[in-house]
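**Q** Using our numbering, the final residue of the sequence shown is 83, and nothing's skipped along the way.
FYI, nobody ran anything at the bench for these hints, they're computed from the structure. Worth double-checking, as some hints may not be accurate.
[Said to hold, decoys possible] Have a look at the derived ranges for each label pair, beta carbon to beta carbon:
| hint | residue 1 | residue 2 | range |
| --- | --- | --- | --- |
| 1 | P36 | V74 | 26 to 32 Å |
| 2 | Q48 | A76 | 19 to 25 Å |
| 3 | N7 | V74 | 17 to 23 Å |
| 4 | P75 | E35 | 16 to 22 Å |
| 5 | F49 | R24 | 24 to 30 Å |
| 6 | A76 | F41 | 32 to 38 Å |
| 7 | G27 | D77 | 19 to 25 Å |
Even for Gly, the Cβ is constructed at its ideal location relative to N, Cα and C.
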Amino acid sequence: CAACGNIGCCDSSPSQHGTKHSRAAGHPFITSYEPGEDWFYDNETQQFHEGPPLAPPTSHPADQPVPGPAGAVPADWQRRLR
Numbered sequence: 002c003a004a005c006g007n008i009g010c011c012d013s014s015p016s017q018h019g020t021k022h023s024r025a026a027g028h029p030f031i032t033s034y035e036p037g038e039d040w041f042y043d044n045e046t047q048q049f050h051e052g053p054p055l056a057p058p059t060s061h062p063a064d065q066p067v068p069g070p071a072g073a074v075p076a077d078w079q080r081r082l083r
């Protein structure tokens with residue numbers, strides 16, 4: 002969340018935490034938490050935007066595997082994606 006820093010999963014994740022937070026909190030602008038990505042997205046208008054640099058941390062550690070820390074995600078995580 003670009004407004005409060007909440008970190009939520011994207012819409013391809015099973016629970017879609019990012020979008021749920023955006024709607025519940027009234028914070029439409031989200032930004033990536035991936036290393037090297039700097040996009041902003043407005044959930045209300047469904048458009049991408051440029052935005053200011055945000056306070057760190059701006060991504061998970063570069064050496065942390067995706068979709069999460071090793072051993073912290075279910076073995077069938079790919080099947081669970083939307």
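**Q** What are the numbers of the hints that this structure violates, sorted from low to high?
**A** When the structure is compared with the hints, numbers 1, 2, 5 and 7 turn out to be violated.
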